[in-house]
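Model the full structure from these sequences, guided by the hints.
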Amino acid sequence: MFKKMPVVPAGCSAEPVSKTSFLPMHKKLTLAVTGALFIACAGSSFGAAPPTDKVDTTHLAVTDTEVTVGQLHSSTGTMAISETGAIEAEKLAIGQINAMGGVLGRKIKLIQEDGASDWPTFAEKAKKLLEENHVAAIFGCWTSASRKAVLPVLERDNGLLYYPTFYEGLEQSKNVVYTGQEATQQVFAGLDWVAKTKNAKTFYLIGSDYIWPRTTMKLARKYIETVLHGSVVGEEYAALGSTDFGSTINKIRLKKPDVIYAAVVGGSNVSWFKQLKAAGITGKDHTLLTLSVTEDEANGIGGENLVGFYSAMKYFQSLDTPRNKEFVKQFKAKWGADAPIGDVTQAGYEGPWIWKAAVEKAGSFDTDKVAKAEESGQISFDAPEGMVYLEPNHHLKTRLRIGEWRTDGQADIVYTSDYIMPNPFPTGY
Amino acid sequence: MGGYSISDLWSILVMQGFSGLSLFSVLLLMALGLAIIFGQMGVINMAHGEFMTIGAYTIYMFSKVTEQYFPSLMPYYFVVAIFAAFGFAFAAGYLVEYLLIRHLYKRPLDTLLATWGLSLIMQQIFRTVFGAREVSATLPDWLMGSWKPTPDIDIPLNGLFVMAISIVVTAAVVLFLYRSSWGLKVRATTQNRVMAGSVGINTRKVDRVTFAVGCGIAGIAGATFTTIASTGPTSGSLYIVDTFLVVVFGGAGSVIGTVSSAFSIAQAQSILTFFLTNAMGKVVTLLTIIIILMMRPEGLFTSKVRK
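First to last, the sequence lines map onto chains B and Z. Numbering-wise, the first sequence is residues 1 to 429 according to this note's numbering. Numbering-wise, the second sequence is residues 1001 to 1307 according to this note's numbering.
To be clear, the hints were calculated from the coordinates, so they are not data collected in a lab. Computed from a predicted model, the values in this text were never measured in an experiment. All C-beta atoms in this analysis are idealised placements derived from N, C-alpha and C, irrespective of residue type, glycine included. Zero decoy hints are in this set.
To be clear about the criterion: a stretch of chain Z counts as covered by chain B if any three or more of its residues have a C-beta under 8 Å from a C-beta of chain B, and this derived list gives those stretches:
| no. | segment |
| --- | --- |
| 1 | 1014–1023 |
| 2 | 1140–1150 |
| 3 | 1153–1162 |
| 4 | 1230–1237 |
| 5 | 1263–1276 |
| 6 | 1279–1288 |
Here you go:
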């Protein structure tokens, strides 16, 4: 590639280049001239890092030594509970990448913005990051609502987003990489497992009332009825923030389903599990499989209310591999021994690494080139959860795991699936 | 409901009845503090939920400290912590009245905005102090699980506990308002502030104590709800809508109104949720409330106040 030489070539000033990235569009002509001058200079000699005008032709915030990226999560508001883990994990990954020398020889500089759990604010901050700061990539969003709010901005300004949450699918954008699982990856293998090991025939579906649980349950119902030949004896959605599950629990007692299949989120999740336990529905004599409890939630719910129930996730902190143990150690060293690591936290950690791999494959920070590299099917990463492979549809090929909760808020992994291809647009559902 | 045995249906009926009662005590407990503040003082306290959160975090702190230093006292800490929850929320309320509310009595709409701002500030303080993640207090064993009078019936112990607390608090509020000299002063101030002042009642002090007591009760509610719900910086905001619903529907300024409003909303919601879906149950309840409020804008029970 590039020979090891001094970064600033003798007789040529690199100064105009470091300025280029922040110039507005109407100065394009000036840029072209300085750019041409620079290329003339750089052609003969350049340093370890490839020249800035080679790796950035779209005026991103890239200098000879630095590349600026954005982070857009809620650190205030009701979603801060969930997004904290992702924020911490992304910072950890960026710190580690910098310690290894950065991306294309450039250190990552992070601009953190707060979406404040408010979807218009997410769109506004995304616009700010892309149009004022010219960030090369954004790591962020947690809820589908925030992602949907940011998506039009990303597509208009041609930015890149690395989205860590497991979600409902039915979306694919050249500007987004989804490092969490989409619904088919999270739902089908888990239902297969519970049908087989628990000999389950009847299912009671319950979720919070918004797009992710509703779409996920629609997939689940179809799969239960057509593939597993079981039956759904109840399907119910509780308002977001609802804290009373008495009547729902009584309905469940009356219907006596083999499996309670749950996707309740937020503060409701805590009420739901505390009230289940109080009503005598525990892991001892009931099977409950949930899609919305990671170690983060377990912390708030209390392990004693969860013990014996199952979660379907791609990652659990207790995963017993040398790679994961190393990751857990690094995470705890940076964020404290008490910090739990959940599925989304680990997926958040993958974001910067996938971006790095794609940028290096493209040899450029340009969105179009990075997106093309991402669609090559050749990007992979040795993640804490194991090897993950970025498929041309911008989702990761991963495994699904089933964890059985213990009183200490950690889960024993009782099942690991084969690799599951992501399929954000399942047919027939 | 074919295909179910009589004993099945009977036990469901019992448990469903209990679940309605348990929701009733939850609603009552959250609304009582607000009913005092809104009803007696006309102050719309949007930060009511955050005073509940103070109570919830008090339980959390007590549980952590007890677990660490006095593990043998684990079964008992909860009772002490509830009193502490009242104390902390009372003190916070007293301070807030002194610093903020008393400057705004003549501008009721501004109290709404100011207390809303206060709620955001308090949420951020909780987030800074306790972290953004939800926490969970370790509950004593006697609060967990269920009581089984028959093999098919499970009565949640935490539900019974909430019910007991809300009975005690309601009784205390009634005694405070109608049987104590403080209550007399509070009611006199509500009915005619100028006259109360002219007969020598320190109406400012009355306001301050009334507000603080209302906040203290919110603290007890928050502490009690740690047995059934979450503890996080924004947990309080989960309750605020329902709380206002109960108070407005019951009619401001009447404890009877608050009790009957909590009872009817809880029963309607609980029964409708059982037969309809969760969302539809709520929709039908809210629609009914709106229609009743259109016919009786003052709520179920109105207190006669000279305006």
